[in-house]
Amino acid sequence: MARDSRSGDADGDGDRVPPGQTDLPDRLRDLDARLTKFQADTGRTEAKGSLVKEGAAYGRALKHVSEFVGGTMAGLLLGWLTDLATGWFPLGLVTGLILGFVTGFWNIYKSSLRSGGN
Amino acid sequence: MAASPLEQFQIKTLVPLGEVGGVPLNFTNSALFMTLAVGGIVLFFAQATRTASVVPGRLQTVAEMIYGLVADTVRSAAGKEGMKYFPFVFSLFCFVLTLNLFGMIPGGFTVTSHIIITFALAALVFLTVLAIGFSKHGLHFLDLFVPQGAPPGLKQFLIVIELISFLSRPISLSVRLFANMLAGHIAMKVFAGFIVALVGAGAFAVLAPLPFLIIVALTALEFLVAGLQAYVFTILTCIYLNDALHPGH
Chain P
1 MARDSRSGDA DGDGDRVPPG QTDLPDRLRD LDARLTKFQA DTGRTEAKGS LVKEGAAYGR
61 ALKHVSEFVG GTMAGLLLGW LTDLATGWFP LGLVTGLILG FVTGFWNIYK SSLRSGGN
Chain B
1001 MAASPLEQFQ IKTLVPLGEV GGVPLNFTNS ALFMTLAVGG IVLFFAQATR TASVVPGRLQ
1061 TVAEMIYGLV ADTVRSAAGK EGMKYFPFVF SLFCFVLTLN LFGMIPGGFT VTSHIIITFA
1121 LAALVFLTVL AIGFSKHGLH FLDLFVPQGA PPGLKQFLIV IELISFLSRP ISLSVRLFAN
1181 MLAGHIAMKV FAGFIVALVG AGAFAVLAPL PFLIIVALTA LEFLVAGLQA YVFTILTCIY
1241 LNDALHPGH
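So the sequences go chain by chain: P and B. Be aware that the first sequence starts at 1, since it is given in our numbering, and climbs by one per residue. Be aware that the second sequence starts at 1001, since it is given in our numbering, and climbs by one per residue.
Please keep in mind that the hints were generated in silico from the structure rather than gathered at the bench. Every clue listed holds true.
Derived lysine to aspartate or glutamate pairs resembling DMTMM-like cross-links, with alpha carbons at most 25 Å apart: (1) P:K110 to B:D1143; (2) B:K1189 to B:E1007; (3) P:K53 to P:D32; (4) P:K110 to B:E1162; (5) P:K53 to P:D41; (6) B:K1189 to P:E54; (7) P:K37 to P:E54; (8) P:K110 to B:D1072; (9) P:K110 to B:E1081; (10) B:K1084 to B:D1243; (11) B:K1080 to B:D1243; (12) P:K37 to P:D26; (13) P:K53 to B:D1072; (14) B:K1080 to B:E1064; (15) B:K1084 to B:D1072; (16) P:K63 to B:E1162; (17) B:K1080 to B:D1143; (18) B:K1155 to B:D1243; (19) P:K110 to B:D1243; (20) B:K1136 to B:E1081; (21) P:K63 to B:D1243; (22) P:K63 to B:D1072.
Excised from the complex, chain P in its bound form (with noise of 0.2 Å):
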């Protein structure tokens, strides 16, 4: 079925090749349309589809709490490092680990602003 399809583009980009490139949107939208339609057709999206969607999603959980932890281990780490260097025991470590928790969030909104840039 796939060889089918694809033989089909191949022929209509043989036939509309002359007039030029001024027609390549109208052409790309016109292959995103039978595409869609074809995947319709024979359902390929839906079984598919599930387990990529469900692998995307845990894809996108597994990063923003990578994003979070990261975050706050690095700001943990900063504090610890300054407790270490100054010696206000408690003081470095708490303060470090609240901006690292503002910066885990802060990486899980950017994070997340560039993924729905995608």
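The hints should help you fit chain B onto chain P, whose structure is shown.
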């Protein structure tokens, strides 16, 4: 049960090579799988490009797809300038992907499930970004930490946050890859353990196919995660490289 779900992550010494400064230096199963991965990558690309032709064969198609994927990622995330660092990013992608996939071989060892490995890779990316940033822009690289358009009172605070955020990058990059591989492999082993336990539990053996079905789905998911995480590692490397190349943005 004989096998704990964590047993698969144990480092075993295969060939002891002596000591350096009191620290034992051994060829371990981890080192073996890294060597196998590098050998596999070299063999694969050597074989794929040996008979390079205009109409690609199967291997060449796969090699070209991998090349295209990484090249597109570098170009879109780090711009044309970023292509100078393509060999670095490509090697990193192939190495992580191969290690992840070798971990899927039954009885194999997942090198990327050890945080020291992923942290070393992330630290390599981090130090590369620092070196490129400072050598290209000098102290202007520090503009990266100054948020644009923030009110004066908030600005100083955000600079501190951005600084910690920058330092957190190698941690989050390494934690992400390590946590994904570790969690996935533990989940698979736990469900595999359920099958054995159910089969040995008399009448409850009729339920044994259930975890088996789950483990089939989990295996598919793990292959997806193996590819996805290698790709995520690559795309984040490119985003960080972009920061080093264009710190003003």
